[in-house]
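> For reference, the chains in residue letters:
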Amino acid sequence: MKSRRASLGWGSAETPDGIGLLLLLPSIVLLVALFLLPVGYAFYLGLTNIQLIGIHAQHYWFTGWANIDRLLGDETFWVSLQLTAVFLIGSALIGVTVVGMALALLMQHASAWLRSLAGAVAIVAWMLPPVSAALIWYAFSTTGGTLSQLFGGRADILDNHPMLIVCLANVWATAGFSMMVLSAGLRGISAEVLEAARMENASRLQVFIFVTLPLMKQTILTNLLLVTLIILANYALTYIMTAGGPNDATNILPIYAYQQGFQFSNLGYGALLGDVLVVISTVFAYLYVRALRPARARRAAPAVTA
Amino acid sequence: MTEQPPRLLPNALLAIVTLAFLAPMLWLALASLDANASWALRWPVFTLAHFADVTRGDYLWSLWNTFVLAAVATVTSVVPGVVGAYALSRRRIPLRDGLMVTVLFLTGIPVGIMIIPVFQIFAEFGWLSLIPTGIFLGANSLPFALWLMKTAIDGVPREMEEAAAIERASLLQTILHVVIPVSIPGIASAAIFSFINAWGSFIVPLVLVSDPSQATGPLTIYGLIAAANVRYGDIAAFSIIYSLPVVALYLILSRAFSGGFLMGGAVKG
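These protein sequence lines map, in sequence, to chains X and F. In this text, residue positions in the first sequence follow my numbering: the first is 7, and each later residue adds one. In this text, residue positions in the second sequence follow my numbering: the first is 44, and each later residue adds one.
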């Protein structure tokens, strides 16, 4: 007769657990069919001449290096890559290290009612669907909108400073998330450590630079990687505001890939541009997984705390 | 931290930051009630006509479509996810640690940027409609849902399942009547995450849903912004109605399950 433990499935290491695998099967099928397969397929399509409409919509074939040659010689692609870097620095890096951090720090020292108001506003901005955030920021920054009213009402701020406004919109839309993560990190710093530093007559700034920041390094890094991925995924916000314009000024890589595929009908080339994005996201996601690991190890061994 | 009397400087600075975050939202609230709405921020000539306009006809239909999309996505990620998470938590799965790292890794890969291959697959199989798109979005949310629910099930005491086994409960009964009730906060978080993710999704239904009568809320709003004759008040009112469920769901659930709700975060697509 089987033991109780074995019947529950965590028995000896040798028996293959068919039921366990069966339970896992639906998830695996979904992930393979709608996640991994498309990635693989994208790498194939990226090397074909497939088009959205026209003669190469049905009859397309493998064209070897042709798309890659085109990519390497494509001025718009290289500019787009630079714009993507500027965009990610202006939205993710500034958003996490300046705005998110400022919110988290200020909330520690502000009075309770202002703290809950600020938290609620930032979290609503984070929770709003991308389309609503895009509408809000479009209305805010276009001719006659709130921001332009502050400067006389005639200027089209979005058109004059598209990258700046798009970055601000992305910071606005993600700062609430950073605030939550960083606040939790700040709460995790033990009061004794801060107390000890003050005993040594350290100034507020010194405590922040030499005690708080080093202890927060891990939290800031994982938050930064995650927000970078969130912003890369959520390019709808940027697309709805500017569609990559004016004159390609906000033509970040996900938008350029979408344009090539669905507006210029070059599905194959668009897929290749998407592959570049997959590679970039993979690097960030890999760093994210790695950055999380020591954090978990430390939580498992809380004796390390100073 | 020991409570100190609140100081002036941090309060003043936080008030300024809060105002800066609030400022863009003001237009949405005021324009939705303004009979003469424009892009400008102005005191409204009060009317509820915009809300009346956008709670009938095609507007309601597009909200219904959004709901169907989000519901299909939620079921697709939660039902396979909860049994999968149980297996990952309790059963002996070969290479489990590797699988969990892969799942965590997949939470970071934005599926939205792989829209071209998915479009091509869906076009070939004739799936360019609402339900398959919902299934795709569910698969998109599945890695994070698995992660959340596995963590929740890890916290269920094994003694409860052993007790159920003595009562000769089948595995399915044990999952349904013992594991799921106890790990409801984690499962609800996963469900809400999938729902919100699909509800807000723009590019995916834009590309994958070909029938205009299946347009979801975001596509309706986009169409209104791009229209030659912008109906400012209607857009504002409809955006508020469309956004409200998401914000409400979040606020209700974060209050009900205070703490780690959605804190792990994942990539919205």
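Source of the hints: derived by calculation from the structure; they are not laboratory data. Note that the Cβ used here is the ideal one computed from N, Cα and C, for glycine as well. Careful, some of the hints might be misleading.
[Said to hold, decoys possible] Partial pick of chain X residues on the chain F-facing surface, computed with a CB cut under 8 Å: (1) 161; (2) 163; (3) 235; (4) 239; (5) 263; (6) 267; (7) 270; (8) 277.
> For each hint, tell me whether it holds in the structure or not.
Now the hints, each set against the structure:
1. 161: At about 12 Å, which exceeds the 8 Å cut-off, the nearest Cβ of chain F leaves the hint on residue 161 of chain X violated.
2. 163: 11 Å, violated
3. 235: 5 Å, holds
4. 239: 3 Å, holds
5. 263: 7 Å, holds
6. 267: 5 Å, holds
7. 270: 12 Å, violated
8. 277: With a closest approach of 4 Å, the residue 277 of chain X hint holds.
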